[in-house]
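There are 2 protein chains.
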Amino acid sequence: MAMRRAAQQSIQALGSRVSQSKQLHQATPGSKKIVGVFYKAGEYAEKNPNFVGCVERGLGIRDWLESQGHQYIVTDDKEGPNCELEKHIPDLHVLITTPFHPAYVTAERIKKAKNLQLLLTAGIGSDHIDLKAAAGAGLTVAEVTGSNVVSVAEDELMRILILVRNFLPGHHQVIKGEWDVAAIAYRAYDLEGKTIGTVGAGRIGKLLLQRLKPFNCNLLYHDRLKMEPELEQHTGAKFEEDLDAMLPKCDVVVINAPLTEKTRGLFDKQRIAKCKKGVLIVNNARGAIMDTQAVADACASGHIAGYSGDVWNPQPAPKDHPWRYMPNQAMTPHISGTTIDGQLRYAAGVKDMLDRYFKGEDFPPQNYIVKEGMAPIWSGTSNFICESCYAPHNLERKWLRPRLDCGSQCSPRLIRFDLLRVGTH
Amino acid sequence: MAMRRAAQQSIQALGSRVSQSKQLHQATPGSKKIVGVFYKAGEYAEKNPNFVGCVERGLGIRDWLESQGHQYIVTDDKEGPNCELEKHIPDLHVLITTPFHPAYVTAERIKKAKNLQLLLTAGIGSDHIDLKAAAGAGLTVAEVTGSNVVSVAEDELMRILILVRNFLPGHHQVIKGEWDVAAIAYRAYDLEGKTIGTVGAGRIGKLLLQRLKPFNCNLLYHDRLKMEPELEQHTGAKFEEDLDAMLPKCDVVVINAPLTEKTRGLFDKQRIAKCKKGVLIVNNARGAIMDTQAVADACASGHIAGYSGDVWNPQPAPKDHPWRYMPNQAMTPHISGTTIDGQLRYAAGVKDMLDRYFKGEDFPPQNYIVKEGMAPIWSGTSNFICESCYAPHNLERKWLRPRLDCGSQCSPRLIRFDLLRVGTH
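Chains as they are written, first to last, in UniProt numbering: chain A, 1 to 425; chain B, 1 to 425.
Check the hints yourself; a few may be wrong.
One copy or two, it doesn't matter: identical chains are merged, so the pair holds either way.
[To be verified] Listed below are the simulated SDA-like cross-link pairs for lysine to any residue, each with C-alpha atoms no more than 20 Å apart in a straight line: (1) K213 to E232; (2) K269 to H234; (3) K78 to Q270; (4) K262 to A294; (5) K274 to E240; (6) K274 to D242; (7) K359 to A348; (8) K351 to Q366; (9) K47 to D180; (10) K269 to D127; (11) K319 to I175; (12) K262 to P365; (13) K176 to Y325; (14) K238 to R324; (15) K213 to G236; (16) K262 to K359; (17) K262 to R324; (18) K277 to L266; (19) K269 to N328; (20) K87 to A273; (21) K226 to S67; (22) K213 to L231; (23) K40 to Y104; (24) K114 to E56; (25) K276 to P49; (26) K112 to K226; (27) K277 to P49.
To be clear, the hints were calculated from the coordinates, so they are not data collected in a lab.
Make the full structure from the sequences, and use the hints.
Okay, here's the thing in structure tokens:
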């Protein structure tokens with residue numbers, strides 16, 4: 001297999017891959033070693049036969065893989081030089097990872113993985129993969145695009161309602177044996193009539209806007225481009241070109257942007273100050289879009305009246321993460337994309353891609369993050385567009401090799417963060 | 001004033017009220033004594049200028065009332081023979097109460113309240129008023145119909161999502177310094193594709209169905225009559241004539257029925273057993289519709305996989321109420337109808353009715369529970385239809401005097417519970 005990759009890299013250097021693509025993408029004949037890294041379910045594994053995303057069930061594809069003569073290793077042990085994953089790095093062909101219990105696929109691991117051809121994300125996202133190294137090694141990186149966009153959009157609407165209606169203080173009263181309606185009611189509101197702004201209106205943002213429609217809110221969205229007129233008309237959402245002009249209008253701000261170098265720390269002290277006093281913020285995108293301490297400080301001062309999300313920086317959140325202790329938080333661990341329904345969808349998507357890989361067929365195009373060392377870009381822009389959050393906006397899609405083809409369009413840094421996808425789930 | 005009521009009762013006995021209605025309904029000239037009983041806000045009163053539903057703000061109508069020469073007493077002290085309310089019973093003209101901190105208007109209190117003409121509910125519901133006694137005394141009882149139906153419908157959708165997506169265990173992990181995705185995920189689902197059935201599709205039920213539409217669920221409703229075809233078509237909700245035939249189909253059951261003698265204890269052990277194993281139940285209607293212990297037992301056994309609501313039996317829930325301790329509960333105190341938006345609406349509605357009362361004008365017809373001793377019934381049925389939960393179904397509305405006009409149509413018991421309204425909020 002090392003030979004195969006070396007050959008692949010030579011062809012790549014020639015810049016004449018298109019006609020070879022199908023052949024290159026095909027798995028070499030014979031048994032493959034496939035490794036999956038998932039979270040452990042322990043006592044919970046037996047409680048639900050559809051709980052396929054855990055290490056105990058390994059996406060439910062073991063019998064299918066083994067019946068075809070492939071080897072399938074699953075583990076949750078992914079850290080340090082002596083972990084189970086590390087033992088298999090030298091000879092695995094396919095590595096399946098998940099954002100919910102990420103195995104970090106570093107440049108070093110990619111270098112050691114001489115047989116590696118395919119990195120699959122069970123779910124959406126590739127934060128945990130060094131995409132530049134993967135592209136440089138001619139690998140294919142793919143996710144199950146769309147597998148949990150509905151899951152996340154539903155979860156966002158739940159969090160909006162939990163904050164607007166001040167659910168948690170009431171629930172805590174119940175647990176503590178109390179009954180004090182006033183202590184809840186003085187800051188409980190209806191969602192109706194409020195102004196909700198989404199920062200990003202890609203797939204998840206659009207699904208959220210559709211679900212918000214019957215609540216009779218004022219809906220705003222900030223994105224780089226306007227959405228399709230039909231959808232804008234259907235949802236009644238108004239386009240806001242300037243983020244800083246939208247924020248002071250919003251009672252609720254929802255983050256639906258991917259993590260890129262442009263969005264990292266986007267909500268720092270200054271930007272939070274531009275929000276309305278008493279703003280509610282929902283962020284199921286990525287924790288690093290927020291300045292952790294600035295959010296905690298604004299919750300303490302009351303400038304942010306409520307903050308809810310399932311994403312943290314870092315993950316898992318350490319015991320002393322300030323968001324665990326700030327007032328009016330409605331946080332959970334990273335969970336919204338790994339509902340049982342989401343798991344069944346991404347397990348089916350991974351199985352489908354493995355089947356295509358064995359047969360030498362292309363994957364659904366939207367699933368590719370890196371295709372045999374090439375990254376998708378859209379012509380007409382040098383910036384990355386995340387498919388899990390931003391629609392392609394009808395721009396022509398092209399496959400380019402980072403560092404080789406981009407030339408003056410972008411620097412390697414831009415390739416890393418703006419052309420390659422940093423998904424949100 | 002005692003004279004006035006005596007006169008009124010005499011006219012009533014003659015059964016010739018219609019032509020007299022306007023005159024009778026008019027307040028006698030001069031200063032009125034108006035008493036309002038609300039919950040105390042304490043330290044929370046100053047935290048929100050729109051927190052008008054508390055005793056400290058008294059619906060924000062003091063200046064307006066006093067500028068017209070009326071006396072306005074507000075208190076939260078409503079229990080026992082020496083409470084503040086009791087002192088004012090003998091000479092008050094108008095008593096304003098709320099379901100969130102109910103002052104029980106018993107037959108005994110009505111007998112003592114010789115000047116009483118008008119009982120207003122700040123909110124919706126008259127559980128706490130002895131309607132038979134009020135009707136017998138020729139009083140008018142009215143609520144602000146519709147003032148918080150949106151509040152309750154939104155709250156129900158929030159609770160559905162909290163249960164379906166298994167929000168609370170994740171949040172408790174955050175508080176306890178833990179991070180265990182599997183312990184949440186094994187029973188977290190998307191709402192999409194699930195079957196939701198509402199028991200009752202009146203105002204709140206319909207608003208809920210409209211808000212559920214974009215979630216792509218299978219929507220069912222049980223009611224005595226089918227809803228308007230346009231709304232059925234718009235929401236895609238299917239009519240289920242037989243409750244026991246609907247229940248086994250539902251992943252989520254939402255109670256949107258009023259409390260009547262027919263619905264009291266409707267969900268007992270036998271009926272809960274008819275629900276799908278693992279059913280989720282949301283009940284913001286009335287606690288007494290459920291058999292308290294049967295719900296707790298079914299949650300303990302896992303037959304009910306989650307139960308959420310804001311209504312209890314009794315209220316306030318005592319410290320040892322079993323619903324505080326049962327697994328997978330997402331309970332709060334009775335709060336969904338008293339959001340700040342709801343408070344502003346019912347405060348405006350009470351002010352409007354007082355203004356009409358002073359001027360001798362009729363109230364909006366849907367607000368009447370008892371109109372000068374007469375209860376509304378709809379011809380063609382001997383059963384009560386609650387306007388806060390059941391639409392009038394285009395039946396002709398008539399005003400009848402209980403015990404006098406109903407004759408063979410119904411017994412006094414039916415008048416009490418089926419003809420007189422027992423509202424849900």
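For this session: Could you check the structure against the hints above and give me the numbers of any it violates, in ascending order?
Result: 2, 3, 10, 12, 14, 16, 17, 20, 21, 24 and 26
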